[in-house]
Amino acid sequence: MLRVAGLTRRFGDHLALDDVTFDVVPGRMTGFVGANGAGKTTTMRIILGVLAANAGEVRWNGELLTQEVRRDVGYMPEERGLYPKMKIRDQLVFFGRLHGLSPDRALERTDKLLERLGLAERATDALETLSLGNQQRVQIAAALVHEPIALVLDEPFSGLDPLAVDAMVDLLREEVTAEVPVLFSSHQLDLVERLCDDLVVLSRGKVVAAGSVADLSAGSSTTYRLVVDGDAGWLRDVRGIEVRDVAGGTALFDVLDGAVEQKILQEALSRGPVRQFGPERVALSDVFREATR
Amino acid sequence: MNVLDRPWALIAEREISTKLRDKTFIGSTLVMLFIVMVAVILPAILAGKGGADKIAVIDDGGAKVVQQASTTAGGDGYELVRASDRPAAEKLVSDGDAKAALLPAAGGYTVVGKDHVDSGIESALREAAATVGMETNASKAGLTPAQLHSGTKVDVQLLKPGPLPDLVSQFVNIGLALVFYMTALGFGMMIAQSVVQEKESRVVEILAAAVPIRSLLWGKVLGNTVLALSQIVVIAAASLIGLLATDQADILEVVAPVAGWFVVFFVLGFVALAGLWAVAGSLATRQEDLGSTTLPGQMILMIPFFFSVFAGSSAKTVASFVPIASSMSMPGRMLTEDVPIWQPLVAIALLLGATVLIVRLGARLYERTLLQTGRRLGYREALALETS
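Just so you know, the protein sequences line up as chains R and E, in that order.
Take the first sequence: its position 50, counted from the start at 1, is 50 in my numbering, and no numbers get skipped.
Take the second sequence: its position 220, counted from the start at 1, is 513 in my numbering, and no numbers get skipped.
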């Protein structure tokens with residue numbers, strides 16, 4: 001498990017990170033969201049040892065993360081970076097070896113990844129001759145080539161079309177085994193909602209929400225939605241609930257009293273067909289807005 | 294766990310293999326190779342592979358003088374060209390078919406040249422005319438040539454002959470300084486560029502996450518030192534072939550003992566500078582910044598270079614002890630003067646000390662500035678930075 005504990009970092013007078021603490025659990029994808037300047041990239045750079053923290057620590061399976069262990073982490077920086085003029089196969093082999101693979105193993109992994117990404121026939125092309133989407137794939141491959149023990153991906157999907165995102169997600173799911181914790185930041189909340197198991201929300205350098213996506217987006221689980229064929233105005237007369245909104249056959253209400261929602265369902269069915277009934281899930285964007293307000 | 298014992302070796306390997314595929318690098322090496330070959334072969338061609346100088350005469354007296362001049366001149370001597378009359382001889386000279394013409398005049402001879410008369414030819418002819426004239430006059434007075442010349446012979450003996458003739462040693466001095474200057478500057482700029490390119494393309498962040506920043510610096514310095522030395526070895530081999538092909542192999546006897554010293558001075562000076570150039574690259578954030586961040590490096594090279602080329606000999610002696618400057622002037626001095634052995638040893642000790650200092654300072658600056666991608670930094674600013 002990757003644990004970030006009490007990270008604090010100042011840039012001059014600006015407090016960029018303030019006691020940031022969270023866990024990235026193996027086998028689960030943890031989404032890292034927050035507005036621009038919230039401190040996501042700073043946190044990730046500290047995890048990778050590219051930046052030092054003023055206080056706090058990064059732990060790997062309970063021990064302080066050392067340079068040796070850190071070398072086995074896969075990292076995709078926010079600002080993409082590979083050698084523009086280097087051939088992509090040479091490049092991936094180099095990064096594999098830099099992370100400690102033997103030359104043979106690095107070549108084997110490189111060819112497998114290039115094959116998997118559909119770039120096998122471009123293996124001897126310079127990176128800069130590839131389309132941006134393909135460069136992005138090579139970048140992901142560079143983070144995966146050494147079979148990382150953990151992955152830290154800063155905005156891995158920015159600038160990709162939906163199909164490319166799907167392909168990339170498939171690759172991640174295939175490459176990332178159950179022991180590997182994955183932390184990735186993103187602005188695309190719908191994507192985070194779809195892909196992530198856990199969520200950490202950062203706002204102005206502080207963690208304002210953290211937990212599983214299911215828990216967070218369950219929101220206040222007492223809000224229900226009812227859709228019927230007729231008019232739902234009768235709900236206003238029911239006791240034990242507070243109606244938020246009624247528009248024709250669609251109503252949104254909070255349950256104040258234990259089992260009252262089952263009675264409402266029976267009542268609704270007795271009046272006519274029920275099209276939809278259940279607790280209202282909160283969109284992640286609302287969670288995000290709520291948390292960072 | 295994955296293991297990588299020597300990350301700097303991998304960085305150096307990448308540095309070398311990238312450069313060897315770089316067309317500009319290969320191209321500039323070939324150009325240098327060409328220039329060196331020309332420099333080696335051209336003097337040999339100019340120095341009389343075109344045959345003996347021709348001198349036109351119109352009578353037997355003139356012919357005798359030219360023959361006399363030819364035997365005393367040594368080398369290829371002079372070639373005699375007979376012309377039918379004065380205008381014909383003058384025409385040979387003005388057409389360039391003869392270097393000069395020796396024509397009879399009142400009380401002796403006139404040497405006719407086109408726009409000037411080569412001073413060597415003039416003095417050779419002057420001396421020969423005097424000898425021939427005196428011998429003729431002497432035999433009229435009843436003396437044999439041997440009697441005439443007895444007690445007049447002057448020989449030159451050098452107590453401490455210098456290793457090389459004056460002009461050649463000038464050339465060698467400048468040449469050796471130039472080799473260091475060009476190589477250090479060329480590779481220096483390449484090091485700075487490759488550092489800033491890694492910053493610009495942000496690949497440095499992945500590198501820094503994977504290996505210690507110092508390993509990045511060592512790898513770069515090592516890779517480029519190996520490249521620079523190999524380039525010099527290739528060029529040295531080419532000039533060797535050039536010297537052998539033009540029968541100038543005797544120079545080698547003088548050069549060979551100094552070659553080892555040159556390598557030591559070269560490597561130490563180069564490594565010190567390479568550290569500085571890497572810092573120049575890490576202070577910049579874009580290629581355009583290099584102009585200003587590499588300025589100190591250029592100065593550190595340029596000032597000693599011009600000093601070692603143009604300064605007087607005592608100033609040169611001082612320069613040959615000053616670190617960096619010594620890389621440019623000590624090998625040259627050893628080649629052209631008799632330098633006691635303690636001098637290069639002291640110079641190397643000083644250079645070694647300076648190199649260690651510069652490289653350590655450079656490594657510190659490099660660590661602090663490499664990941665600063667916001668804007669260009671100054672040297673003073675970088676020294677004040679804390680580690681990030």
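The reader is advised that the hints may include incorrect statements.
[As the list claims (entries may be wrong)] Computed spacing ranges between beta-carbons, pair by pair:
id : chain 1 : residue 1 : chain 2 : residue 2 : range
1  : E       : S321      : R       : E121      : 28 to 36 Å
2  : R       : N61       : E       : I319      : 30 to 38 Å
3  : E       : L545      : R       : E121      : 48 to 56 Å
4  : E       : L545      : R       : A52       : 52 to 60 Å
5  : E       : A608      : R       : A123      : 32 to 40 Å
6  : E       : R495      : R       : V282      : 35 to 43 Å
[To be verified] Below, in silico cross-link-like pairs of lysine-lysine (DSS-like), each with a Cα-Cα straight-line distance of 27 Å or less:
id : chain 1 : residue 1 : chain 2 : residue 2
7  : R       : K85       : E       : K312
8  : E       : K312      : R       : K87
9  : E       : K446      : R       : K87
10 : R       : K85       : R       : K112
11 : R       : K85       : E       : K316
12 : E       : K446      : E       : K384
13 : E       : K347      : E       : K316
For the record, the hints were derived by calculation from the structure and aren't laboratory data.
All C-beta atoms, glycine included, are put in the ideal place defined by N, C-alpha and C.
To see whether the hints hold, each was checked on the structure:
Under the hint 28 to 36 Å, the C-beta atoms of E/S321 and R/E121, about 33 Å apart, fit the expected range. Here the CB-CB span from R/N61 to E/I319 is close to 49 Å, at odds with the stated 30 to 38 Å. Judged by the Cβ atoms, the range 48 to 56 Å given for E/L545 and R/E121 holds: they are separated by roughly 53 Å. With their beta carbons about 56 Å apart, E/L545 and R/A52 fall inside the hinted range of 52 to 60 Å.
Distance hint check: the CB atoms of E/A608 and R/A123 are about 58 Å apart, inconsistent with the given range 32 to 40 Å. Look at E/R495 against R/V282: about 37 Å separates their beta carbons, and that is inside 35 to 43 Å. Taken as a hint, the R/K85 and E/K312 pair is honoured in the structure, with Cα atoms around 11 Å apart against an allowance of 27 Å. Distance check on the hinted pair: E/K312 and R/K87 sit about 13 Å apart at the alpha-carbon level, within 27 Å; holds.
As the CA atoms of E/K446 and R/K87 are separated by approximately 76 Å, the hinted pair breaks the 27 Å bound. The straight-line distance between the Cα atoms of R/K85 and R/K112 is roughly 22 Å, inside the 27 Å bound, and the hint therefore holds. Between the alpha carbons of R/K85 and E/K316 the distance comes to roughly 12 Å, so the proposed pair stays at or under 27 Å and holds. Between the alpha carbons of E/K446 and E/K384 the distance comes to roughly 38 Å, so the proposed pair goes past 27 Å and is violated.
For a cut-off of 27 Å, the pair hint linking E/K347 to E/K316 is broken: about 48 Å separates their Cα positions.
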